[in-house]
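Taking the hints into account, I'd like the entire structure generated from these sequences.
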Amino acid sequence: MAHNHDHNHSHSANKKTLTISLVIIAVYMAIEVIGGLLTNSLALLADAGHMLSDAISLFIALMAFTFSAKVADYGKTYGYKRFEILAAIINGVTLILISVYIIYEAIERFQHPPEVASKGMLIIAFIGLLVNILVAWIMMRGADVKENLNMRGAYLHVISDMLGSVGAIIAALLIMFFGWTWADPLASIIVSILVLRSGYIVTKSSVHVLMEGTPENIDIEEVTELLLKTNGIQNIHDLHIWTITSGLNALTCHAVVNEKMTIEESEQLLRKIEHDLEHLSIHHVTIQLETPTHQHDNSILCNVKVEPATHIHQH
Numbered sequence: 001m002a003h004n005h006d007h008n009h010s011h012s013a014n015k016k017t018l019t020i021s022l023v024i025i026a027v028y029m030a031i032e033v034i035g036g037l038l039t040n041s042l043a044l045l046a047d048a049g050h051m052l053s054d055a056i057s058l059f060i061a062l063m064a065f066t067f068s069a070k071v072a073d074y075g076k077t078y079g080y081k082r083f084e085i086l087a088a089i090i091n092g093v094t095l096i097l098i099s100v101y102i103i104y105e106a107i108e109r110f111q112h113p114p115e116v117a118s119k120g121m122l123i124i125a126f127i128g129l130l131v132n133i134l135v136a137w138i139m140m141r142g143a144d145v146k147e148n149l150n151m152r153g154a155y156l157h158v159i160s161d162m163l164g165s166v167g168a169i170i171a172a173l174l175i176m177f178f179g180w181t182w183a184d185p186l187a188s189i190i191v192s193i194l195v196l197r198s199g200y201i202v203t204k205s206s207v208h209v210l211m212e213g214t215p216e217n218i219d220i221e222e223v224t225e226l227l228l229k230t231n232g233i234q235n236i237h238d239l240h241i242w243t244i245t246s247g248l249n250a251l252t253c254h255a256v257v258n259e260k261m262t263i264e265e266s267e268q269l270l271r272k273i274e275h276d277l278e279h280l281s282i283h284h285v286t287i288q289l290e291t292p293t294h295q296h297d298n299s300i301l302c303n304v305k306v307e308p309a310t311h312i313h314q315h
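If you count by my numbering, then the sequence shown holds residues 1 to 315, one letter each, in order.
Be careful, since some hints might not be right.
Dumping the calculated SDA-like pairs for lysine to any residue here, alpha-carbon to alpha-carbon at most 20 Å [as the list claims (entries may be wrong)]: (1) 272 / 282; (2) 260 / 270; (3) 229 / 268; (4) 229 / 289; (5) 229 / 292; (6) 204 / 218; (7) 260 / 228; (8) 146 / 279; (9) 76 / 66; (10) 15 / 159; (11) 260 / 272; (12) 272 / 234; (13) 146 / 205; (14) 146 / 244; (15) 272 / 285; (16) 16 / 138; (17) 229 / 270; (18) 272 / 221; (19) 15 / 59.
Calculated from the structure, these hints are not laboratory results.
This is the structure we're talking about:
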């Protein structure tokens, strides 16, 4: 119950932070889009494009938190918490697509460099940098940008904009003092590559969750050792650990116990296991207790590839 309270409190803080950030981004977004068009700067347009995508990504993240708060029903017995992961994937893929498009446009501008109003570009990019720093600071202080994939995806959009503003400022200064018009598309490419990497990481992590992968912060051998060392457990098999949503890990397994174990003893055993697993960041636990003579049907999960040094029983 304590974990559920913390999880709900974290969601509330994340939603509040997203709302404040969305308002700030939306107000400046209109200014930067117009400024980018007036100065004819690709670096500024790239920054403006990221700002627009930020507003969309923050809105998607906000809606994901809203939908994920819906209670479980017969149709969705785990609830709607995976909306957060879906939002993270959308934000990650968007970062990748925007980066690829900006790189394509930059290559075109290397071949046909247009006139760039460097002074206006510098002013707007500098203001954009301040806005992004403010939003990033708000998100760092008030939200879980490290563990929550949904928040991380939205946060990386803001960081990508910050990098875009820095690139636009450097490009504007090089154009003003040296007349290097190629600095504009070059800055766009450098920033886009950095953003591309961030988008890939978020997308990869989100897909890992949807594929029911073992949580990155969980050592399955440590969990196995903990269970096997628990007094009363003879063996375990069909161990599965996955993430329902960011910060909410689940575990199921079959545990072989002495056939003479009483119901009271089994309840004490289960309480101890749940308590121990809580310390390993596993909060939703389902364990089937059985005797050594219990028979099993073969399943597609029985042939799972086993890593070395494991004690999990295989059928």
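Here is what the structure says about each hint:
1. 272 / 282: holds, 13 Å
2. 260 / 270: holds, 16 Å
3. 229 / 268: Holds, at about 15 Å.
4. 229 / 289: holds, 16 Å
5. 229 / 292: The given pair, whose Cα atoms are some 17 Å apart, holds under the 20 Å limit.
6. 204 / 218: holds, 17 Å
7. 260 / 228: holds, 18 Å
8. 146 / 279: Distance ~19 Å between residue 146 and residue 279 Cα, so the pair holds.
9. 76 / 66: This hinted pair holds, its Cα atoms lying about 16 Å apart.
10. 15 / 159: holds, 19 Å
11. 260 / 272: holds, 19 Å
12. 272 / 234: holds, 15 Å
13. 146 / 205: holds, 12 Å
14. 146 / 244: holds, 17 Å
15. 272 / 285: holds, 12 Å
16. 16 / 138: Distance ~10 Å between residue 16 and residue 138 Cα, so the pair holds.
17. 229 / 270: Distance ~14 Å between residue 229 and residue 270 Cα, so the pair holds.
18. 272 / 221: The given pair, whose Cα atoms are some 19 Å apart, holds under the 20 Å limit.
19. 15 / 59: holds, 10 Å
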